[in-house]
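Engineer: Following the hints, put chain B in place on chain A, whose structure we already have.
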Amino acid sequence: MDGQFLLDAMRFVGAGLAMIGAAGAGVGIGLSVQGALGGMARNPDTYGNLLTNMILGVAFSESIAIYCLVIAFLMLFKVV
Amino acid sequence: METQKRTPWRRWIVLVLMIAGWILAGIFVPVRPEITVAAEKLIEEPLIENFLGQPFYLVNTLPTLALTIVLLVVIAFVANRSLTKSQKTDLVPTGIGNAMEAILEMLYNLTESSAGAKWAKAIFPWFATIMIYVLFANLLKLIPGFESIGVIHHAHGEGHAVQHMGGVDMILPEKGEYILSPFFRGISVDLNFTLTLAVISFVMIQVIGVRAQGLAYFSKFFNTKRMFKVPFFGAMDFLVGLLEVISEFAKILSFTFRLFGNMFAGVVLVAVVASLLGNVSILAAMIMMFELFVGLIQAFVFGMLTMVFMAMATQGHGDEEHAEH
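Chain order of the listed sequences is A and B.
Heads up, the first sequence is in the working numbering, so the first residue is 61 and it goes up one at a time.
Heads up, the second sequence is in the working numbering, so the first residue is 881 and it goes up one at a time.
No wet-lab data here; the hints were simulated from the structure.
Note that this is a predicted model, so its numbers are computed, not measured.
Among these hints, one or two may not hold up.
[Unchecked claim] Here are some chain A residues the structure puts well away from chain B; computed CB gaps all over 12 Å:
#	residue
1	70
2	72
3	76
4	77
5	84
6	87
7	88
8	90
9	97
10	101
11	119
[Claimed, not checked] Heads up, simulated DSS-like pairs for lysine-lysine below, C-alpha to C-alpha not over 30 Å straight-line:
#	chain 1	residue 1	chain 2	residue 2
12	B	1055	B	1100
13	B	1105	B	998
14	B	1131	B	998
15	B	1001	B	1131
16	A	138	B	1131
17	B	968	B	1001
18	B	1001	A	138
19	A	138	B	998
20	B	921	B	965
Beta carbons are placed, not taken as given, at the ideal position from N, Cα and C, and that holds for glycine.
Just chain A, with the same shape it has in the complex (with noise of 0.2 Å):
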């Protein structure tokens, strides 16, 4: 087994481990998404207001994501 072809499997490994991530911005979505339909069944009137507040919370959260999916990206396509 040498150096090279470890490199590449750990290089996989880490990609793989950087998207645990991604498990939290989930539950973070999901979670605002409850409170926004929550606050939209008890009061229909919120509507368009609580939809782009949830839309915003939703891309706050997903950018956490995307922060992991860009480390694995970069670890899967050898930029660093």
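Structural biologist: Chain B in isolation, oriented as in the chain A frame:
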């Protein structure tokens, strides 16, 4: 009364296009493109040296940038002419002028509802410009030939074979020594573009904050208000203010990587799905549709976050005074 039966001929076009896509993808097998984070060079030699003495290459996001700007200018010109014409006749805008007016009015109402009527006028141009610009940049990849027509280079790593067919070179799935650099690459898939927009947005957030509050804006970052009255909590406030500086600069980072990461992930996803599944091209088309949705959402989010941060910068944090009681 006999109603004339409409012939639904439009849906047949969709079906024909789907079948044509399936057959074409069977003949010209999709090739996984070279995925690079940086934009590819169209010409190997640098065009000129820039003011820092660094070489300046013609990369493939530059033609897209020019295309986006030309398209936006043309749309602005046409909308302007349409609105001027409607102003002369009956004040009812039609066509593209009407569409632009509807969009801008919606955006203005959104700004007014979250920034207040006083600052909406100062904030709105940045919000709308960033949003429409990013939206166009993201939707431009609908144009056929985007990221698929370009010049062929010698590969540095692994490449593909090339077939010469009727004056056009075609990339084949087999291994070889050539790669393709497309003429057009989405500008959001370039860190320079997103970083520039993020820095513009960041600077303008500070500028609007200073315009609204004067030098008191910076007391958010260097908080010495309570330092001498309540020493312990005053020191805590000061440290929290320093953290605020860090989170202010983290805005640049998150703006940059949110847009870049989303669009880059989209490109990779479409490329991987298309090349893995071969001639089941309809799936790649569906992923592409999802990516258009993501592009819309990201444009909205970029503009919206800029607007919300600007609105937050115009309001000093009045809750500090409440906390004292």
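Engineer: If a hint holds in the structure, say so; if it does not, say that too.
Structural biologist: Here's how the hints hold up against the structure:
1. With a minimum CB-CB distance of about 19 Å to chain B, residue 70 of chain A clears the 12 Å threshold, and the non-interface call stands.
2. For residue 72 of chain A, the requirement that its beta carbon stay farther than 12 Å from each beta carbon of chain B is met, with the minimum near 15 Å.
3. Chain B leaves residue 76 of chain A outside its interface by the beta-carbon criterion, the shortest separation being 16 Å against a cut-off of 12 Å.
4. With a closest Cβ-Cβ approach of about 18 Å to chain B, residue 77 of chain A is found to remain outside the 12 Å limit, as its non-interface label requires.
5. With a minimum CB-CB distance of about 15 Å to chain B, residue 84 of chain A clears the 12 Å threshold, and the non-interface call stands.
6. No beta-carbon of chain B is positioned within 12 Å of the beta-carbon of residue 87 of chain A; the least distance is around 19 Å.
7. Every beta carbon of chain B lies more than 12 Å from that of residue 88 of chain A, the smallest distance being close to 14 Å; the non-interface claim holds.
8. At the 12 Å boundary, the C-beta of residue 90 of chain A stays outside the reach of chain B, the nearest C-beta of that chain being 17 Å off.
9. With a minimum CB-CB distance of about 18 Å to chain B, residue 97 of chain A clears the 12 Å threshold, and the non-interface call stands.
10. Every beta carbon of chain B lies more than 12 Å from that of residue 101 of chain A, the smallest distance being close to 22 Å; the non-interface claim holds.
11. The beta carbon of residue 119 of chain A sits about 4 Å from the closest Cβ of chain B, which is not more than 12 Å, so the claim that it is off the interface is violated.
12. The straight-line distance between the Cα atoms of residue 1055 of chain B and residue 1100 of chain B is roughly 58 Å, outside the 30 Å bound, and the hint therefore fails.
13. Distance restraint check for residue 1105 of chain B and residue 998 of chain B: the Cα-Cα separation of roughly 27 Å lies within the 30 Å cut-off, and the hinted pair is therefore satisfied.
14. Proximity of residue 1131 of chain B to residue 998 of chain B is assessed by CA-CA distance (about 25 Å); at most 30 Å being required, the pair is judged to hold.
15. Taking the CA atoms of residue 1001 of chain B and residue 1131 of chain B, the gap is near 23 Å; set against the 30 Å cutoff, the hint holds.
16. For the hint pairing residue 138 of chain A with residue 1131 of chain B, the CA-to-CA distance comes to about 27 Å; that is within 30 Å, so the pair holds.
17. About 26 Å separates the Cα atoms of residue 968 of chain B and residue 1001 of chain B, which keeps this hinted pair within 30 Å; it holds.
18. As the CA atoms of residue 1001 of chain B and residue 138 of chain A are separated by approximately 46 Å, the hinted pair breaks the 30 Å bound.
19. Using a Cα cut-off of 30 Å, the hinted pair residue 138 of chain A and residue 998 of chain B is violated, with the two alpha carbons roughly 50 Å apart.
20. Taken as a hint, the residue 921 of chain B and residue 965 of chain B pair is broken in the structure, with Cα atoms around 44 Å apart against an allowance of 30 Å.
Hint compliance for this structure: hints 11, 12, 18, 19, 20 are not met, and every other hint is.
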